[in-house]
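Enquirer: Use the sequences and the hints to build the structure in full.
Chains A and B, in that order, give the protein sequences. Sequential numbering of the first sequence, starting at 1, is according to the numbering used here. Sequential numbering of the second sequence, starting at 1, is according to the numbering used here.
It cannot be assumed that every hint is accurate.
To be verified - With the Cβ distance kept under 8 Å, some of the chain B side facing chain A (calculated, not the full set):
id, residue
1, G35
2, I36
3, D51
4, Q104
5, Y260
Claimed, not checked - DSSO-like, lysine-lysine: derived pairs with alpha carbons at most 27 Å apart:
id, chain 1, residue 1, chain 2, residue 2
6, B, K218, B, K154
7, B, K154, B, K204
8, B, K97, A, K115
9, A, K139, B, K97
10, B, K97, A, K124
11, A, K124, A, K139
12, B, K168, B, K204
13, B, K168, B, K218
14, A, K139, A, K115
To be clear, the hints were calculated from the coordinates, so they are not data collected in a lab. In this text, a Cβ means the ideal position worked out from N, Cα and C, and glycines have one as well.
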Amino acid sequence: MTITLTINGTTRELSAGAGETLLEVLRREGFTGVKTGCGTGDCGACAVLMNGRAVNSCLVLAAKADGGEIVTVEGLADGDRLHPLQEAFLDEGAVQCGYCTPGMLISAADLLSRKPSPTEEEIKEALSGNLCRCTGYTKQIRAVERAAERMRGGDDE
Amino acid sequence: MALHHVRDVIRPLTLEEAWQRKLEHGPAARFLGGGIDVVLYAPPTVSTLIDLEGLDLSGVREDASWISIGAMTTMTEAIESATLGRYASGFLVRVLKAVASPLQRNLATFGGTLGSAHPWSDVIPALLVLEAELAIYDGSERTVALGTYLDERKAGESPVIRAIRLPKGSESARGAFASFTRTGFDVPLLNVTCLAVVGEGAWKDVRIAIGGTPGLAKRRRDVEEELVGRPIRVEGIAAAARSAADAIDARDDVRASAGYRRRLARALVERCLLEIVEGGAE
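Expert: So, in structure tokens, the structure goes:
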């Protein structure tokens with residue numbers, strides 16, 4: 001079947017199998033920042049924004065995404081300028097092996113688009129579908145707090 | 001992973017067309033809500049998916065007597081609904097916030113949850129104690145009590161679920177739920193949901209549903225009757241919890257033994273009823 005997806009602002013007509021997942025289609029199209037993890041919606045490594053909300057792309061049939069707007073981690077930066085979340089993840093050292101990072105960034109981007117001043121509890125809840133086996137999550141939480149502050153235009157120190 | 005057995009996705013625009021397509025394809029067709037259940041559990045005999053996206057079944061609406069949650073409404077949309085936030089002191093919203101992860105709640109729909117009706121669902125017991133009914137279409141539009149729908153459903157023969165209807169009148173009810181899992185992401189070994197109206201030191205109305213026994217959630221009306229009209233006492237709560245443990249159809253499975261499930265039922269019913277009495281559920 002042919003589906004139409006707007007991926008990171010560019011509309012494309014793509015061919016997809018009726019039973020293929022959005023994750024498989026995105027990776028085939030070169031968006032390899034979307035990671036294949038558990039394949040069962042538990043780890044969050046494959047998270048993308050679909051019509052503004054973070055979802056496990058391994059659980060979305062490509063056919064269900066037809067006509068939708070998808071943002072992958074590749075779409076967060078503005079040209080050479082990293083998204084404030086990406087900057088904050090670097091500044092806080094919130095990355096170890098990096099495999100969970102794209103999904104974490106997408107979940108955090110969904111949160112900050114709706115809640116510019118999230119509490120620590122809200123950040124933990126927003127990241128609760130993204131598993132990290134390297135860190136203790138503390139640095140990611142701090143990074144989201146720092147990014148939120150920067151995006152509000154405040155002093156982050 | 002790709003479902004290689006799925007060959008076709010059909011997108012009907014009317015209820016009649018959706019139902020007609022289901023009749024044509026029989027058990028080889030599945031209705032598609034958010035799609036999680038299909039991706040994870042559709043058997044290899046399923047070759048056609050009937051996507052209900054085009055039927056305009058999303059959103060929460062209310063009239064004088066009912067709140068209606070469209071079948072394609074996601075868990076997140078329900079959590080963010082001001083109407084449901086007020087309903088039964090926000091009880092359903094509190095349950096939904098504890099289900100799965102935000103990533104999954106952005107996909108999971110009420111229709112999908114009720115179409116798949118997994119025994120471990122934490123949502124179904126909450127809808128049972130709220131005395132929900134389903135608006136369905138299986139050749140004609142009708143409504144059916146959720147309990148009846150669950151009792152009578154047969155594998156592969158789902159009607160089109162249009163909406164979940166919640167009766168108003170639970171404004172003064174307090175709810176509590178407990179879902180016991182081994183890890184945050186595992187399905188529960190057992191869950192208990194209670195909704196009660198208390199006043200003047202007595203139980204005015206009590207509803208208890210227990211799921212994951214490992215069978216599908218059921219109301220425990222026998223236990224409810226032990227409490228209704230009685231004064232609120234710790235001893236009475238303990239006795240009701242013991243009755244619940246005896247009453248459930250507990251069985252062994254890969255997750256827990258029948259005996260462990262009975263102990264869980266007793267502990268969780270007691271915990272939920274105490275939480276309601278202590279006002280912890282606001």
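Enquirer: Next, verify each hint and record whether it holds.
Expert: Hint by hint, here is what the structure shows:
no., hint, result
1, G35, "holds, 5 Å"
2, I36, "holds, 5 Å"
3, D51, "holds, 7 Å"
4, Q104, "holds, 5 Å"
5, Y260, "violated, 24 Å"
6, B:K218 x B:K154, "holds, 17 Å"
7, B:K154 x B:K204, "violated, 36 Å"
8, B:K97 x A:K115, "holds, 17 Å"
9, A:K139 x B:K97, "holds, 24 Å"
10, B:K97 x A:K124, "holds, 13 Å"
11, A:K124 x A:K139, "holds, 12 Å"
12, B:K168 x B:K204, "holds, 17 Å"
13, B:K168 x B:K218, "holds, 21 Å"
14, A:K139 x A:K115, "holds, 19 Å"
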